[in-house]
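S.K.: Residue-level listing of the chains:
2 protein chains.
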Amino acid sequence: MEKITIIELKESILKDNDADADKLRLELKEKNTYFINVMSAPGSGKTSTLTALDKYFKGRIKWGVIEADIDSDVDAVALNNAGIISVQAHTGGMCHLDADMARQGIRQLDGYELDLIVLENIGNLVCPAEFDTGANLKLTILSVPEGDDKPAKYPLMYEVSDVLVINKVDALAAFDFDKSRVESDVRALNPDIKIFYISAKTGEGVEELAAYILDKIREYRG
Amino acid sequence: MEKITIIELKESILKDNDADADKLRLELKEKNTYFINVMSAPGSGKTSTLTALDKYFKGRIKWGVIEADIDSDVDAVALNNAGIISVQAHTGGMCHLDADMARQGIRQLDGYELDLIVLENIGNLVCPAEFDTGANLKLTILSVPEGDDKPAKYPLMYEVSDVLVINKVDALAAFDFDKSRVESDVRALNPDIKIFYISAKTGEGVEELAAYILDKIREYRG
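Residue numbers (our numbering), protein chains in the order written: chain S, 1 to 222; chain R, 1 to 222.
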């Protein structure tokens with residue numbers, strides 16, 4: 001096993017994060033690297049979804065992951081064990097990443113000349129939704145056991161996301177989870193959001209999600 | 001159904017939250033009201049745990065709940081439907097409550113002369129851990145589907161909590177969740193934490209948790 005790179009992110013001093021996020025998008029466009037910001041509550045299955053996607057990414061694109069966490073390197077170790085390029089970024093207690101913090105992570109992956117970089121954001125439905133990290137696509141995961149009331153309670157996350165992945169559908173029978181409630185609550189906030197149902201565990205629905213992401217990357221890279 | 005009271009919390013201007021939290025504890029002691037801060041990730045089952053506890057609280061204590069959320073009143077409606085006194089507090093996007101914000105919620109329940117007030121904090125494993133709300137007891141819930149790596153990734157929450165409730169144990173068979181890993185990670189952060197395994201859904205373990213809380217209240221009220 002390779003040694004995990006852990007970087008301690010520095011809080012950025014920039015006042016205008018939105019402008020910096022636009023600048024980061026230009027920097028990434030020059031390298032032809034697509035950038036996805038993956039957000040969810042703790043335990044929704046961000047890391048396992050990425051691991052499941054790798055089956056369809058492998059051989060098609062070169063990709064890597066910035067694992068952002070308050071502490072520990074468990075997610076970067078998991079990805080590394082699955083053969084996925086990753087760097088662990090610690091936020092020093094902060095519950096989000098802004099564009100400059102994302103840039104600090106991206107810099108660690110510079111040598112790989114990647115087609116896709118994924119930021120696995122801090123597990124949190126509040127702060128990460130408030131900051132543009134410079135990503136081309138914002139994807140949020142809601143897992144079935146969390147319940148169908150999350151869009152009502154954390155509306156901003158669903159307003160700002162381009163893609164909603166509903167994970168752990170293999171557990172649907174064990175939980176009261178009303179798909180139509182989620183869909184109507186989410187569409188009321190964000191009519192254009194793309195919704196995918198998957199189980200990162202069983203692999204159900206992952207191929208469709210992977211195909212959508214690969215299309216987006218193809219479009220972007222022209 | 002009663003109309004749900006919704007209050008918009010004002011950000012407090014106090015610099016020294018710790019001192020204000022101590023002051024709030026004194027104010028509550030004068031009223032002989034015990035105060036519990038319940039924290040967890042979104043969807044761990046805070047509201048359903050409180051609803052399950054009510055079966056054992058009813059007839060023994062008078063209690064009420066401050067439901068803190070970014071938006072919506074779904075949790076206060078759920079408690080109200082279950083016959084539990086509750087007030088919905090909105091934080092205006094903030095991901096935590098401090099002592100003065102807790103006081104604003106407590107004030108809404110003043111007329112009831114309660115033995116116990118529970119603050120159901122924002123669903124978040126980061127910010128709420130950083131603020132003393134003036135509570136006598138801090139209880140955090142971790143649900144089985146979230147995974148056994150949460151203490152490693154969000155250590156402060158487990159360091160500051162007096163009680164860890166592991167919820168949704170009825171779903172243990174469907175998820176890889178290593179109890180001994182959680183216990184050893186948590187005990188390394190906080191050797192004195194009390195750990196309870198429950199299912200708010202089936203009722204398993206709820207009586208023991210209720211008995212523990214009722215004992216604490218008895219001790220406090222002398």
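Simulated from the structure, these hints should not be mistaken for laboratory data.
Cβ atoms here follow ideal geometry from the backbone N, Cα and C, with glycine treated the same way.
Among the hints, a few may not be true.
Taking CB as the label site, the calculated pair distances span [as the list claims (entries may be wrong)]:
(1) E130/R x D170/S: 31 to 37 Å
(2) S184/R x D18/S: 40 to 46 Å
(3) E8/S x D192/R: 48 to 54 Å
(4) Y112/R x K58/S: 27 to 33 Å
(5) D176/R x D176/S: 49 to 55 Å
(6) G222/R x D178/S: 45 to 51 Å
Short derived list, chain S residues pointing at chain R, Cβ under 8 Å [claimed, not checked]:
(7) A19
(8) A21
(9) G43
(10) S72
(11) G92
(12) I122
(13) V126
(14) P145
(15) R187
(16) A188
(17) P191
(18) D192
(19) G205
S.K.: State for each hint whether it applies.
M.R.: Hint by hint, here is what the structure shows:
1. E130/R x D170/S: 31 to 37 Å: 35 Å, holds
2. S184/R x D18/S: 40 to 46 Å: Check passed, 44 Å falls within 40 to 46 Å.
3. E8/S x D192/R: 48 to 54 Å: Violated, at about 30 Å.
4. Y112/R x K58/S: 27 to 33 Å: Between Y112/R and K58/S, where Cβ atoms are some 60 Å apart, the hint is violated.
5. D176/R x D176/S: 49 to 55 Å: 23 Å, violated
6. G222/R x D178/S: 45 to 51 Å: Taking Cβ atoms as reference, G222/R and D178/S lie about 46 Å apart, which means the hint holds.
7. A19: Violated - the Cβ of A19/S stays beyond 8 Å from chain R, reaching only about 22 Å at its closest.
8. A21: For A21/S, the interface hint is violated, since the closest Cβ of chain R sits about 19 Å away, which is over 8 Å.
9. G43: This interface hint holds because 3 Å falls under the 8 Å limit.
10. S72: 4 Å, holds
11. G92: 12 Å, violated
12. I122: Given a least distance of 7 Å, the restraint on I122/S holds.
13. V126: 4 Å, holds
14. P145: 4 Å, holds
15. R187: 16 Å, violated
16. A188: 12 Å, violated
17. P191: Violated, because the Cβ-Cβ distance from P191/S to chain R comes to roughly 19 Å (cut-off 8 Å).
18. D192: 21 Å, violated
19. G205: Since chain R brings no Cβ nearer than about 18 Å to G205/S, farther than 8 Å, the hint is violated.
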